[in-house]
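Enquirer: Let's have the full structure, built from the sequences with the hints guiding it.
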Amino acid sequence: MAKTTLTVATILATLFGNSHKALSEKLSTEEFNAFSAEAQELQDRLDAQEAGNLAVTGDLTKANADLAIAQAALTTAQTELGTTKTALTTANSTIATLTPKATAWDAHKAALNGSNLSGDSTNGKGGQSDTGSKENARTEKMRELKAKHPLLMADVDVPDAE
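The sequence shown lines up with residues 1 to 162 when you count with this note's numbering.
Calculated from the structure, these hints are not laboratory results.
A virtual CB, placed ideally from N, CA and C, is assigned to each residue, including glycine.
Any given hint could be a false lead.
[As the list claims (entries may be wrong)] Below are the BS3-like pairs computed for lysine-lysine, each with C-alpha atoms no more than 30 Å apart in a straight line: (1) Lys148 - Lys134; (2) Lys146 - Lys134; (3) Lys62 - Lys26; (4) Lys134 - Lys101; (5) Lys85 - Lys109; (6) Lys62 - Lys85.
[To be verified] Ranges between beta-carbon positions, derived for each pair: (7) Leu60 - Lys85: 34 to 44 Å; (8) Asn53 - Thr79: 56 to 66 Å; (9) Asp66 - Ala102: 32 to 42 Å; (10) Ser28 - Lys62: 43 to 53 Å; (11) Thr57 - Glu80: 50 to 60 Å; (12) Ala68 - Ala96: 56 to 66 Å; (13) Thr94 - Pro159: 24 to 34 Å; (14) Ala68 - Thr89: 24 to 34 Å; (15) Glu50 - Lys26: 30 to 40 Å; (16) Gly82 - Leu60: 26 to 36 Å.
Expert: Structural data, given as C-alpha coordinates:
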(Lines of atoms letter the chains of each structure in order from A and count residues from 1; the text may use other names and numbers.)
(Lines give C-alpha, C1' and ligand atoms only; values in the text may rest on other atoms or scores of the structure.)
Protein backbone atom coordinates (compact mmCIF):
# COMPACT_ATOMS: atom_id res chain seq x y z
CA MET A 1 0.00 0.00 0.00
CA ALA A 2 1.61 3.21 -1.19
CA LYS A 3 1.77 6.09 1.21
CA THR A 4 0.30 9.31 -0.10
CA THR A 5 2.42 12.32 0.84
CA LEU A 6 0.50 15.52 1.30
CA THR A 7 1.98 18.97 1.50
CA VAL A 8 1.21 21.22 4.41
CA ALA A 9 -0.78 23.46 2.10
CA THR A 10 -2.90 20.49 1.02
CA ILE A 11 -3.41 19.38 4.61
CA LEU A 12 -4.39 22.91 5.62
CA ALA A 13 -6.71 23.20 2.64
CA THR A 14 -8.30 19.87 3.54
CA LEU A 15 -8.61 20.45 7.27
CA PHE A 16 -9.13 24.19 7.38
CA GLY A 17 -11.05 24.92 4.20
CA ASN A 18 -11.67 28.64 4.72
CA SER A 19 -8.90 29.65 7.10
CA HIS A 20 -5.79 28.01 5.57
CA LYS A 21 -5.05 30.94 3.28
CA ALA A 22 -5.33 33.36 6.17
CA LEU A 23 -2.92 31.24 8.22
CA SER A 24 -0.29 31.05 5.51
CA GLU A 25 -0.54 34.78 4.80
CA LYS A 26 -0.44 35.95 8.43
CA LEU A 27 2.48 33.77 9.55
CA SER A 28 6.05 34.72 8.84
CA THR A 29 8.14 32.29 6.81
CA GLU A 30 9.89 31.13 9.96
CA GLU A 31 6.60 30.58 11.81
CA PHE A 32 5.07 28.88 8.78
CA ASN A 33 8.09 26.54 8.51
CA ALA A 34 7.81 25.68 12.24
CA PHE A 35 4.10 25.10 11.79
CA SER A 36 4.82 22.91 8.72
CA ALA A 37 7.35 20.86 10.71
CA GLU A 38 4.84 20.35 13.52
CA ALA A 39 2.15 19.41 10.99
CA GLN A 40 4.56 16.92 9.37
CA GLU A 41 5.38 15.43 12.79
CA LEU A 42 1.67 15.08 13.44
CA GLN A 43 1.24 13.40 10.04
CA ASP A 44 4.11 11.00 10.82
CA ARG A 45 2.53 10.10 14.14
CA LEU A 46 -0.83 9.51 12.47
CA ASP A 47 0.85 7.29 9.85
CA ALA A 48 2.63 5.31 12.58
CA GLN A 49 -0.64 4.92 14.45
CA GLU A 50 -2.35 3.72 11.27
CA ALA A 51 0.43 1.17 10.67
CA GLY A 52 0.10 -0.02 14.27
CA ASN A 53 -3.66 -0.28 13.87
CA LEU A 54 -3.23 -2.35 10.70
CA ALA A 55 -0.81 -4.69 12.49
CA VAL A 56 -3.18 -5.09 15.44
CA THR A 57 -6.09 -5.69 13.06
CA GLY A 58 -4.07 -8.40 11.30
CA ASP A 59 -3.17 -10.00 14.62
CA LEU A 60 -6.82 -9.87 15.69
CA THR A 61 -7.95 -11.51 12.44
CA LYS A 62 -5.38 -14.30 12.88
CA ALA A 63 -6.35 -14.77 16.54
CA ASN A 64 -10.03 -15.00 15.57
CA ALA A 65 -9.20 -17.61 12.92
CA ASP A 66 -7.16 -19.60 15.47
CA LEU A 67 -10.03 -19.32 17.93
CA ALA A 68 -12.49 -20.65 15.36
CA ILE A 69 -10.20 -23.63 14.68
CA ALA A 70 -9.81 -24.31 18.41
CA GLN A 71 -13.58 -24.09 18.94
CA ALA A 72 -14.17 -26.54 16.08
CA ALA A 73 -11.62 -28.95 17.58
CA LEU A 74 -13.26 -28.59 20.99
CA THR A 75 -16.70 -29.29 19.53
CA THR A 76 -15.33 -32.39 17.78
CA ALA A 77 -13.67 -33.57 21.00
CA GLN A 78 -16.87 -33.01 22.96
CA THR A 79 -18.83 -35.01 20.39
CA GLU A 80 -16.30 -37.85 20.55
CA LEU A 81 -16.43 -37.74 24.35
CA GLY A 82 -20.22 -38.01 24.26
CA THR A 83 -19.99 -40.96 21.87
CA THR A 84 -17.40 -42.64 24.08
CA LYS A 85 -19.51 -42.07 27.20
CA THR A 86 -22.52 -43.59 25.43
CA ALA A 87 -20.44 -46.60 24.38
CA LEU A 88 -19.14 -46.98 27.94
CA THR A 89 -22.65 -46.80 29.37
CA THR A 90 -23.80 -49.42 26.86
CA ALA A 91 -20.84 -51.66 27.70
CA ASN A 92 -21.49 -51.32 31.44
CA SER A 93 -25.14 -52.14 30.89
CA THR A 94 -24.20 -55.20 28.84
CA ILE A 95 -21.77 -56.33 31.54
CA ALA A 96 -24.45 -55.89 34.19
CA THR A 97 -26.83 -57.97 32.08
CA LEU A 98 -24.32 -60.72 31.26
CA THR A 99 -22.71 -61.12 34.69
CA PRO A 100 -25.67 -62.99 36.25
CA LYS A 101 -25.92 -65.14 33.12
CA ALA A 102 -22.21 -65.98 33.31
CA THR A 103 -22.53 -66.81 37.00
CA ALA A 104 -25.48 -69.09 36.25
CA TRP A 105 -23.54 -70.73 33.43
CA ASP A 106 -20.55 -71.32 35.72
CA ALA A 107 -22.86 -72.89 38.30
CA HIS A 108 -24.40 -75.07 35.59
CA LYS A 109 -20.95 -76.20 34.39
CA ALA A 110 -19.90 -76.91 37.97
CA ALA A 111 -22.99 -79.06 38.47
CA LEU A 112 -22.27 -80.98 35.26
CA ASN A 113 -18.59 -81.47 36.03
CA GLY A 114 -19.08 -82.47 39.62
CA SER A 115 -18.02 -79.13 41.10
CA ASN A 116 -14.80 -79.04 39.06
CA LEU A 117 -14.52 -75.41 37.95
CA SER A 118 -10.92 -75.66 36.76
CA GLY A 119 -11.69 -77.63 33.60
CA ASP A 120 -13.69 -76.44 30.63
CA SER A 121 -16.11 -78.96 29.17
CA THR A 122 -15.96 -77.45 25.72
CA ASN A 123 -13.45 -78.25 23.04
CA GLY A 124 -13.61 -74.84 21.42
CA LYS A 125 -15.60 -76.09 18.42
CA GLY A 126 -18.87 -74.26 18.79
CA GLY A 127 -19.20 -75.09 22.47
CA GLN A 128 -19.86 -78.80 21.97
CA SER A 129 -18.88 -81.17 24.74
CA ASP A 130 -15.64 -83.06 24.18
CA THR A 131 -17.19 -86.50 24.67
CA GLY A 132 -14.32 -88.24 22.90
CA SER A 133 -11.81 -87.06 25.49
CA LYS A 134 -14.11 -87.99 28.36
CA GLU A 135 -14.69 -91.43 26.85
CA ASN A 136 -10.95 -91.97 26.42
CA ALA A 137 -10.34 -90.90 30.00
CA ARG A 138 -12.98 -93.35 31.25
CA THR A 139 -11.53 -96.18 29.17
CA GLU A 140 -8.05 -95.48 30.48
CA LYS A 141 -9.31 -95.39 34.06
CA MET A 142 -11.12 -98.71 33.51
CA ARG A 143 -7.89 -100.29 32.21
CA GLU A 144 -6.00 -99.10 35.28
CA LEU A 145 -8.65 -100.49 37.62
CA LYS A 146 -8.74 -103.83 35.77
CA ALA A 147 -4.94 -104.07 35.98
CA LYS A 148 -4.94 -103.36 39.73
CA HIS A 149 -7.97 -105.48 40.57
CA PRO A 150 -8.20 -108.28 37.99
CA LEU A 151 -10.46 -110.47 40.12
CA LEU A 152 -12.99 -107.74 40.82
CA MET A 153 -13.03 -106.52 37.21
CA ALA A 154 -12.96 -109.95 35.52
CA ASP A 155 -16.44 -109.68 34.04
CA VAL A 156 -16.01 -106.03 32.85
CA ASP A 157 -15.20 -105.57 29.17
CA VAL A 158 -12.69 -102.80 28.55
CA PRO A 159 -11.93 -101.82 24.94
CA ASP A 160 -8.36 -102.40 23.87
CA ALA A 161 -5.98 -99.49 23.38
CA GLU A 162 -6.13 -98.10 19.86
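Enquirer: Given the hint that lysine 134 pairs with lysine 101, test it: the Cα-Cα distance must not exceed 30 Å.
Expert: With Cα atoms ~26 Å apart, lysine 134 and lysine 101 stay inside 30 Å; holds.
Enquirer: Would you check the hint for lysine 148 and lysine 134, treating anything up to 30 Å between C-alpha atoms as holding?
Expert: holds, 21 Å
Enquirer: Is it true that the C-beta distance of asparagine 53 to threonine 79 lies inside 56 to 66 Å, as the hint says?
Expert: violated, 39 Å
Enquirer: Hint says 30 to 40 Å; check whether the CB-CB distance for glutamate 50 and lysine 26 agrees.
Expert: Roughly 31 Å apart at Cβ, these two residues keep to the hinted range, so it holds.
Enquirer: Against the range 32 to 42 Å, how does the distance between the Cβ atoms of aspartate 66 and alanine 102 compare: consistent or not?
Expert: violated, 51 Å
Enquirer: I want to verify a distance hint. Is the separation of the beta carbons of alanine 68 and threonine 89 within 24 to 34 Å?
Expert: holds, 32 Å
Enquirer: Taking 30 Å as the top limit, are the C-alpha atoms of lysine 146 and lysine 134 close enough?
Expert: holds, 18 Å
Enquirer: Quick check on a hinted range of 34 to 44 Å for leucine 60 and lysine 85, using CB atoms only.
Expert: holds, 36 Å
Enquirer: Does the beta carbon distance between serine 28 and lysine 62 stay inside 43 to 53 Å, or does it fall outside?
Expert: holds, 51 Å
Enquirer: Looking only at beta-carbon atoms, does the pair glycine 82, leucine 60 fall within the given range of 26 to 36 Å?
Expert: Distance hint for glycine 82, leucine 60 holds at roughly 32 Å.
Enquirer: Quick check: does the Cβ-Cβ distance between alanine 68 and alanine 96 fall within 56 to 66 Å?
Expert: violated, 42 Å
Enquirer: Are the Cα positions of lysine 62 and lysine 26 separated by 30 Å at most?
Expert: violated, 51 Å
Of the numbered hints given earlier, the model fails hints 3, 5, 6, 8, 9, 11, 12, 13; all others are met.
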